[in-house]
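Participant: Chain residues, written in single-letter form:
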Amino acid sequence: MTTLTRNPRSREQNPKRTLLNRKLPGTRSDVRIALFFIAPAMIGFVLFYLVPTIRGIYLSFTEYNILGDPEWIGLENYQALAKDPLFWNSLAVTGQYVILNIALQTSLALGLALLMHQVAKSTIIRGALLLPYLMSNVIAALLWFWMLDYQIGVVNQFIEWAGLPRAAFFGSEEWAIPTQALINTWRHMGYTALLIFAGLQSIPGHVYEVAKLDGASAWQTFSKITIPLLRPVLVLVLVVTVIGSFQVFDTVAVTTGGGPVNATRVIQYYIYQRAFTESDFGYGSAIAVILFLILALVAFIQMKFLKGNESDLD
Amino acid sequence: MKKMKATGALAAAAAAVLALSACGSGGGSAEAGKGEISYWLWDANQLPAYQQCADDFTKANPDITVKITQRGWDDYWSTLTNGFVGGTAPDVFTNHLGRYGELAENKQLLAIDDAVDKDKVDLSAYNEGLADLWVGQDGKRYGLPKDWDTIGLFYNKDMLSAAGISEAQMKDLTWNPEDGGTYEKVVAHLTVDKSGKRGDEPGFDKNNVQVYGLGLNGGGDSSGQTEWSYLTNTTGWSHTDKNPWGTHYNYDDPKFQDSMQWFAGLAEKGYMPKLETTVGASMADTFAAGKSAINAHGSWMIGQYTGYKGIQVGIAPTPVGPEGKRASMFNGLADSIWAGTKKKDASIKWVEYLASSACQDVVASKAVVFPALKASSDKAAAAFQAKGVDVTAFTEHVKNQTTFLYPITDNTAKVKGIMEPAMDAVVSGKAPVSSLTAANEQVNALFK
Amino acid sequence: MTTTASRAPLAKPASRRRPSKRRPFNPRRAGAWALLILAIAVSVLPFLWVLRTALSTNNALATNAGSLLPAEFTFGAFKRVFGLQTPAEAVAEGGSGAAIDFWIYLRNSVVFSSITTAGAVFFSAMAAYAFARLRWKGRNAVFSLFLGTMLVPPIFTALPNFLLIKNLDLLNTMLGMVLPYLFMTPFAIFFLRQFFLNMSREVEEAAMLDGAKHLRIFFQIVLPNAAAPIATLALLTFIGQWNEYFWPLLVGSQDDVRVLQVGLGVFKSQSPQGAPDWSGLMAATLVSALPVLVLFAAFGKKIVNSIGFSGIK
Chain A
126 MTTLTRNPRS
136 REQNPKRTLL
146 NRKLPGTRSD
156 VRIALFFIAP
166 AMIGFVLFYL
176 VPTIRGIYLS
186 FTEYNILGDP
196 EWIGLENYQA
206 LAKDPLFWNS
216 LAVTGQYVIL
226 NIALQTSLAL
236 GLALLMHQVA
246 KSTIIRGALL
256 LPYLMSNVIA
266 ALLWFWMLDY
276 QIGVVNQFIE
286 WAGLPRAAFF
296 GSEEWAIPTQ
306 ALINTWRHMG
316 YTALLIFAGL
326 QSIPGHVYEV
336 AKLDGASAWQ
346 TFSKITIPLL
356 RPVLVLVLVV
366 TVIGSFQVFD
376 TVAVTTGGGP
386 VNATRVIQYY
396 IYQRAFTESD
406 FGYGSAIAVI
416 LFLILALVAF
426 IQMKFLKGNE
436 SDLD
Chain B
73 MKKMKATGAL
83 AAAAAAVLAL
93 SACGSGGGSA
103 EAGKGEISYW
113 LWDANQLPAY
123 QQCADDFTKA
133 NPDITVKITQ
143 RGWDDYWSTL
153 TNGFVGGTAP
163 DVFTNHLGRY
173 GELAENKQLL
183 AIDDAVDKDK
193 VDLSAYNEGL
203 ADLWVGQDGK
213 RYGLPKDWDT
223 IGLFYNKDML
233 SAAGISEAQM
243 KDLTWNPEDG
253 GTYEKVVAHL
263 TVDKSGKRGD
273 EPGFDKNNVQ
283 VYGLGLNGGG
293 DSSGQTEWSY
303 LTNTTGWSHT
313 DKNPWGTHYN
323 YDDPKFQDSM
333 QWFAGLAEKG
343 YMPKLETTVG
353 ASMADTFAAG
363 KSAINAHGSW
373 MIGQYTGYKG
383 IQVGIAPTPV
393 GPEGKRASMF
403 NGLADSIWAG
413 TKKKDASIKW
423 VEYLASSACQ
433 DVVASKAVVF
443 PALKASSDKA
453 AAAFQAKGVD
463 VTAFTEHVKN
473 QTTFLYPITD
483 NTAKVKGIME
493 PAMDAVVSGK
503 APVSSLTAAN
513 EQVNALFK
Chain C
190 MTTTASRAPL
200 AKPASRRRPS
210 KRRPFNPRRA
220 GAWALLILAI
230 AVSVLPFLWV
240 LRTALSTNNA
250 LATNAGSLLP
260 AEFTFGAFKR
270 VFGLQTPAEA
280 VAEGGSGAAI
290 DFWIYLRNSV
300 VFSSITTAGA
310 VFFSAMAAYA
320 FARLRWKGRN
330 AVFSLFLGTM
340 LVPPIFTALP
350 NFLLIKNLDL
360 LNTMLGMVLP
370 YLFMTPFAIF
380 FLRQFFLNMS
390 REVEEAAMLD
400 GAKHLRIFFQ
410 IVLPNAAAPI
420 ATLALLTFIG
430 QWNEYFWPLL
440 VGSQDDVRVL
450 QVGLGVFKSQ
460 SPQGAPDWSG
470 LMAATLVSAL
480 PVLVLFAAFG
490 KKIVNSIGFS
500 GIK
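Protein chains in written order, with our numbering: chain A, 126 to 439; chain B, 73 to 520; chain C, 190 to 502.
Treat the hints with caution; some may be incorrect.
What the hints assert, rightly or not - Under the rule of at most 27 Å between Cα atoms (straight-line distance), these lysine-lysine pairs were calculated in the DSSO-like manner:
(1) B:520 with A:208
(2) B:192 with B:266
(3) C:490 with A:246
What the hints assert, rightly or not - What follows is a set of in silico ranges between Cβ atoms, one per label pair, in the way DEER data are often shown:
(4) B:128 with C:255: 57 to 63 Å
(5) C:234 with B:150: 40 to 46 Å
(6) C:400 with A:365: 42 to 48 Å
These are calculated hints, taken from the structure and not from any lab test. Each residue gets a CB set at the ideal place from its N, CA and C atoms; glycine is no exception.
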């Protein structure tokens, strides 16, 4: 469906005067029926999104080990956070992961999308590229944990045959987080490529014809036409991938568990460790609040500066 | 019509909800003295022995059955904790000295003093000191001893003879933190690089090692049970101010830090694998693949090491330290009862059975671990002997009283959380041993 | 949409612009194909490697680390995964001898994914209809609120939700696992609202003129018309739920409610003091991936085509 280039809200802003929109005499507003339709989703929203958000903030001001009662301790958790080297470490590690992941994933996905657009659009090819995305993070992590194993993994076997020293992908502090980023890129590049590909499809052909007539080179066409027109898609992809990357957990939990030393102790894993393994729910909640704030800030900055709401075609 | 549809849907939903909530809850008879009790353990090697105990127990107590579940080590503790929180913990479970402090403090364990007194369990029949370990800080008893283990050196007999080292030499090693004593000499000599040069020969390439003299399990976190404690505790150092129920850890002690300096140095010299290569690998399997000559490991691994095909395994006691004595961490397991169990009497009966000679002799005969009862552990030593395995390296620690306890304190999960990365950093050479002082402060802050 | 051969959005600097259709062999096109094939290989080959490992014997893996064929072909790994091997056999093959029963985990995953998908899609469709078609005060404000939930990191709500489920005494029950997802997912509401907004209104208007109420319109007109996107949404939701790890890890740790993904993580740590049971682990991975693969084989085109639509605002 190519309704992409129109701002979908435009229909709402200029509603045609249809029966459904015009207030017929004697028709009351749809509030009552709307309440009925919305009720289940509303229950879900309040119970499992709204209330937990508030409760989570409350818990961050308490000390709570689950087996007793929460005990109010004010800002102590936050003060401890500021001094906690593992907390700052988790921010650094997660930041490193996000940057590596986004850089690799976006560039590879863009390249793939262009390739597909230029050379082959078949469903089979798209499906093959999508395959890793359909697998869970756990499966992707375990698969690579096996292939990259230091002792008997196939990748290290090839490395050794090539005459290079084996690499401890998961065991070495330098490689651990980049390896996690690589796994995530592997899993997502096909999906992201498809997203961008759909965006490419929506660029009208006549734009390119005009460019060709004007004598634009391939690079000029790419940088001055394709990329700007892809901007809404790229921004959306960036926002979603960045927010998703900050919440990496599954792959770390089933492979390195935060190690070696602290090289993969990402934020969400640290929260899990403090809250569940060390029974410190209050402290875990405090870190979660900070993560929430970071994500909100990141999303806000991205949307603001990249102006993802507008499309250059409008 | 609309109304009927809606109520119909609601009723269906309600029924579904009820059905789903019934899915998770376990059944069971109401009486506390009979029915099925659940028992958890983590060592798959011991499963057959305990299954036989369970069968024998049911023969003797026909209205009680025991359902045994085995879970791998990591999974065991997290699922157990989840079970406590969620109210679905097993009735009886294998408990560990390193964990039971917290469980007792959080009131998850059932005190069994009354039952022990009433049923006149003979606590003196257990190996020295074991029974007292399971008395909590509040003076109540939370478990009956099950087994004990110590640390020994497993070595590859063929590699030893190829290196010209006699087994008598191996059994008489010395160590000190300055130059490593004869222990380091032997380890160096057993290390062979890809071109055949030994670790103590000129031209040894530490970046291209074929066989490591000493294998590595990990950084050892707060206890270093198999990794380094058999060395550090020969210098007069101990983990805590007192044990059990100490409140001050000593990782800032120079004796400890000098020992760790030596230990980390081994990897630097190429005699021990780098820490990063141990992720996803097993020290025992690496030994079996002929990649290491000596492995320091616990007596619970005897079956595994001696079961490897194609390797002749010998067992030597840990080295004698600077104070002229050996040292080995002494760990004991016990079976504890969950405070929330609905089958209190049946569980108590099962725990007493597990701690009795009826069960411990069965375990002894299978030659997998050393049961806690003196008589049973002698039987186990004999069973090992009958299999051709000489276990004096393990038993002599008990005889000569050169054992020291696994550190039993509160907050062990948090202590481990702090010490694991700290020790990893030191053992991998990424941080100097002085960094352990800062870690120690963090640990001791937990007890203020 | 026309595609002219001279359009060249590739980032590679073009040597010459010329219509590529007529050339029998275009090196640039060949290069592009080569890269594409490489990408496909990287995406697909690991799964073949998993299959190869799953059909191998553990003890032979070390010596045959690079060979493409299974090392000592055996179905033992699959038997282990389904609990069909005795502990002694399992240990002999390098497994753990532990009683892992993937049938139960499989069942739990199916139940979990189905219930959450059914509930979330249905209730989200209702809510999406309210947002798209019904007129009521504050509609857009409430919708923005719902959208905002997409921003909240799941871990942030996971901790308090865990406590809520615990307070309701529903820990380690299927109901407890299912509840947070059952009533809606923000993505589903968003997705369906988009669709409803763009749906043509004629049939609905005709029905309204006939005096039909909204409820009837929804069930008898809108839903049937939206069958295709709802089916796609259900597919995507099912796959997403199948792959969930964190929440089931927290709430479903006991065997009778454990799902496949959590079971996989557990399987890895089963071997006593050892390296993972690689072939068993790979077999377990395949079993966990199989249902999704089957769905993909059956509905692949739908899924692939939905990616573009769902990703765009």
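Participant: Take the hints in turn and mark each one as holding or not.
Facilitator: Hint check results:
For the hint linking residue 520 of chain B to residue 208 of chain A, the alpha-carbon distance of about 17 Å falls within 27 Å, and the restraint holds. Between residue 192 of chain B and residue 266 of chain B the alpha-carbon distance is near 62 Å, which puts this suggested pair outside the 27 Å criterion. As the CA atoms of residue 490 of chain C and residue 246 of chain A are separated by approximately 12 Å, the hinted pair is consistent with the 27 Å bound. One distance hint, 57 to 63 Å for the beta-carbon pair residue 128 of chain B and residue 255 of chain C, is violated here, with the actual separation near 50 Å.
About 34 Å separates the C-beta atoms of residue 234 of chain C and residue 150 of chain B, a value inconsistent with the hinted range of 40 to 46 Å. The given range of 42 to 48 Å is respected by residue 400 of chain C and residue 365 of chain A, whose C-beta atoms sit roughly 44 Å from each other.
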